[in-house]
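Undergrad: Chains as they are written, first to last, in my numbering: chain A, 1 to 266; chain B, 1 to 187.
The hints are simulated quantities; they were obtained by calculation from the structure and are not laboratory data.
Backbone N, C-alpha and C define an ideal beta-carbon position, used for all residues, glycine too.
Incorrect hints may appear among the rest.
Mimicking PhoX-like on lysine-lysine, the simulated pairs with C-alpha atoms at most 25 Å apart in a straight line are [said to hold, decoys possible]:
1) A:Lys147 - A:Lys134
2) A:Lys165 - A:Lys186
3) A:Lys65 - B:Lys78
4) B:Lys78 - A:Lys34
5) B:Lys66 - A:Lys66
6) A:Lys147 - A:Lys232
7) B:Lys78 - A:Lys66
8) A:Lys34 - B:Lys25
Label pairs and their calculated CB-CB ranges [to be verified]:
9) A:Val70 - B:Glu54: 16 to 22 Å
10) B:Ser99 - A:Trp94: 40 to 46 Å
11) A:Ala110 - B:Asp36: 34 to 40 Å
12) B:Arg98 - A:Ala44: 29 to 35 Å
13) B:Asp36 - A:Phe120: 48 to 54 Å
14) A:Gln4 - B:Thr172: 14 to 20 Å
15) B:Glu54 - A:Gln23: 37 to 43 Å
16) A:Asp22 - B:Glu54: 33 to 39 Å
17) A:Phe69 - B:Asp75: 23 to 29 Å
18) A:Arg96 - B:Ser99: 30 to 36 Å
19) B:Ser17 - A:Gln4: 25 to 31 Å
20) A:Ser63 - B:Thr172: 43 to 49 Å
A partial selection of chain A residues facing chain B, derived with a Cβ cut-off under 10 Å [stated by the list, open to error]:
21) Ser9
22) Ser14
23) Glu27
24) His35
25) Glu37
26) Asn77
Each chain is listed here by its residues.
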Amino acid sequence: MNIQAYIESGIIESYVLGMADDQERAELEQLSRKHPEIRAAIEAFELSLEQTALQNAMPPAPSIKKDLFVQLESEFNPATEAKLVSMPTAQTGWLRYVAAASVILLVVSAATNVYFYKQFREASNQYQALLVEKTSLLAQNEALQTKGLDLYNGMLIMSDPAFTKISMPGIKTEENKLATVFWDKKKNEVYLLANRLPQTSKDTQYQLWAIVEGKPVDAGMIDTCSGLCKMKNISNASAFAITLEKRGGSPTPNLNQLQVIGNVNG
Amino acid sequence: MYKPNLLLEVATKYSESELVRLLQKRGEQAFSYLYDNYSGALLSIIFNIVKDEELANDVLQEVFVKIWRQAESYDSSKGRLFTWMLNIARNASIDTIRSKSYQNSQKNRELSENVYSAAGVEQLQVDQIGLRKIVHQLKEEYRVLIDLSYFQGFTQDEISKMLDIPLGTVKTRLRTALIQLRGIIQP
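The following block holds chain A by itself, in its conformation from the complex (with noise of 0.2 Å):
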C-alpha cells in the first residue's frame, strides 16, 4: 500500500471532520497504529483545523456561560478547584486591590520589624549590662559577707581568755607601726592583727618571729588578710617580733630590719 498516496486521498481530512464512514473510520485507526506518518498527518490536520477554527471564532452571548455554570453547578468537584493556581481573569478587579493592599502591608511589617529589632537590641543590650552588673554586686556581696565572717571570727578569738594578747609596738624610729598577736598558749595557736603596718614593695614581705629560748623562730609570712591573719602554731614563746625580710621570708631574722616587737608577759 502506498502510504503517502493514502495519506493524500483526502481520508484524514474526511476522519478528522467526522465526515468518515464507519468502515473508513476502521480502516484509518487500524493503520495509523502501524503507519506513524498516517498519525503526524491526522495531528497535522487537526492543528490547522483547530487553528482556523479559533481565528474564525464568534463571541457568544454572554448570559450563556453565566446559565451553562448555573446548570452544571452541582456537578463540579471543589477538591479539583484547589489544585488550580490559574484565576478567570474577569476576577482581576479585586485581586488587584488584594496585591496592593499586601505590598501596603508588607511595606508596613517591614517597617515594625525593623523598630522591633531596635527595640530588642536596646533592651537585649540594657539586659547583658544589668547581668554584668548583679554578677559584679553578688562577688562584692560574698566577699563582703567573707569579711563580715572573718571579722567575727576574729572577734571571738580576741574576747576568748585562752588567748594571750601581746602588743607589739614598733621600735625606735618606727614608732608609727603596731601589730598584735594572739596566742592560745596551750593550742599553740598564734593570730595576727597587723594594726598599723604600711604597705611592703613589691620584692618585701613582713615576717612573724616567735623568740623560743633566746632564739627566732619563724612564725610565718604575714600575707594581706581581713582581721586575724592565722600564723603557725608556736610554743613557749618569750616574745614576738616582725621584721622586713624578702619576699617569700628568709630562715633567719634581718634584725636591721625589725619594725616591731612585744613580750609576752607572764
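Chain B: place on chain A using the hints.
TA: This is chain B only, laid out in the frame that chain A set:
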C-alpha cells in the same frame, strides 16, 4: 502600576493533557478555561450549521453540557480535544436542524429574512463566518458537496440520490474538495 494580568495569563495556560485530566476530575476552573478558549470557535461552526445566531447560542450551551458530561469518554489516543469537541458541536447542530421545530421555524425565517432583505437590514451572513467562509472559496461543485455532507450531515449515498450523481463521483469530488480545503487552511 502593578499588573497582575500578565502573571495570570501565564498561569492559565494548561497543557492539553493537564486540561483533560482536570476536566475528567470535574474541575470547574478547567471547564471555565475550556469555555473561555473554545466557545467562540465552536459557536462559529454551530452557527455555520444552524444559521441562526440565537439558536446557535442555545446549541452552544447544550454542546458544553455534553462536553462536560462526556469528558470521561474522551480518548486522547484518538485525536485532539478540540477535534472531539468540534465533532460534538457538529453532531448536535445537525441534530438541531433535523428537528421538526427547526424545520418549521426555518420556513418562517425564510419569510422574515426576505422581509429584512427587502428593508435593507443587514443580516449576519453565514457564508462570511468560520469554516463556511473558507469553503466559500471553493468551486461551486465542491462547495455544494461540503455543504451537504459536512454542514448538513448527509451521507454520500443520500447526496448521490439528491443530486442524481453516481456515488463514485460524489466520493471522488468530495475527497478532492477536502484536499483543496486542507490546501487553504494548512499553508
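Undergrad: Does each hint fit the structure? Answer for all of them.
TA: Verification of the supplied hints:
1. As the CA atoms of Lys147 of chain A and Lys134 of chain A are separated by approximately 20 Å, the hinted pair is consistent with the 25 Å bound.
2. For the given pair, Lys165 of chain A sits about 14 Å from Lys186 of chain A by alpha-carbon distance, which is consistent with the 25 Å threshold.
3. With a CA separation close to 28 Å, the supplied pair Lys65 of chain A and Lys78 of chain B exceeds the 25 Å bound.
4. Annotation: proposed proximity of Lys78 of chain B to Lys34 of chain A holds, straight-line Cα distance about 14 Å (limit 25 Å).
5. Pair hint Lys66 of chain B plus Lys66 of chain A holds up; C-alpha atoms about 16 Å apart against a cutoff of 25 Å.
6. For the hint pairing Lys147 of chain A with Lys232 of chain A, the CA-to-CA distance comes to about 21 Å; that is within 25 Å, so the pair holds.
7. Between Lys78 of chain B and Lys66 of chain A the CA atoms are separated by roughly 31 Å; this puts the pair beyond 25 Å, and the hint is violated.
8. Among the hinted pairs, Lys34 of chain A with Lys25 of chain B is inconsistent with the structure: their alpha-carbon atoms are about 32 Å apart, more than 25 Å.
9. With their beta carbons about 19 Å apart, Val70 of chain A and Glu54 of chain B fall inside the hinted range of 16 to 22 Å.
10. One distance hint, 40 to 46 Å for the beta-carbon pair Ser99 of chain B and Trp94 of chain A, holds here, with the actual separation near 44 Å.
11. Restraint check, Ala110 of chain A to Asp36 of chain B: a C-beta distance of roughly 38 Å satisfies the suggested window 34 to 40 Å.
12. Look at Arg98 of chain B against Ala44 of chain A: about 32 Å separates their beta carbons, and that is inside 29 to 35 Å.
13. Against the hinted window of 48 to 54 Å, the Cβ-Cβ separation of Asp36 of chain B and Phe120 of chain A comes to about 51 Å, which satisfies the hint.
14. Against the hinted window of 14 to 20 Å, the Cβ-Cβ separation of Gln4 of chain A and Thr172 of chain B comes to about 19 Å, which satisfies the hint.
15. At roughly 38 Å, the beta carbons of Glu54 of chain B and Gln23 of chain A sit within the given window of 37 to 43 Å.
16. Between Asp22 of chain A and Glu54 of chain B, the C-beta spacing of about 35 Å keeps the proposed range 33 to 39 Å intact.
17. A hinted range of 23 to 29 Å holds for the C-beta pair Phe69 of chain A and Asp75 of chain B, which are about 26 Å apart.
18. The hint said 30 to 36 Å for the Cβ distance between Arg96 of chain A and Ser99 of chain B, and at roughly 47 Å that hint is violated.
19. Roughly 30 Å separates the CB atoms of Ser17 of chain B and Gln4 of chain A, a value that falls within the hinted 25 to 31 Å.
20. Evaluation of the 43 to 49 Å hint for Ser63 of chain A and Thr172 of chain B yields a pass: the beta carbon distance comes to about 45 Å.
21. At a threshold of 10 Å, the smallest CB-CB gap from Ser9 of chain A to chain B is about 6 Å, leaving the interface hint in force.
22. The criterion of a C-beta within 10 Å of any C-beta in chain B is met by Ser14 of chain A, whose closest approach is roughly 6 Å, and the hint holds.
23. For Glu27 of chain A, the shortest C-beta to C-beta distance to chain B is roughly 14 Å, which exceeds 10 Å, and the interface hint is violated.
24. A least Cβ separation of about 15 Å between His35 of chain A and chain B goes past the 10 Å threshold, and the interface hint is therefore violated.
25. The criterion of a C-beta within 10 Å of any C-beta in chain B is not met by Glu37 of chain A, whose closest approach is roughly 16 Å, and the hint is violated.
26. At about 4 Å, the closest approach between the beta carbon of Asn77 of chain A and any beta carbon in chain B falls short of 10 Å, and the interface hint on this residue holds.
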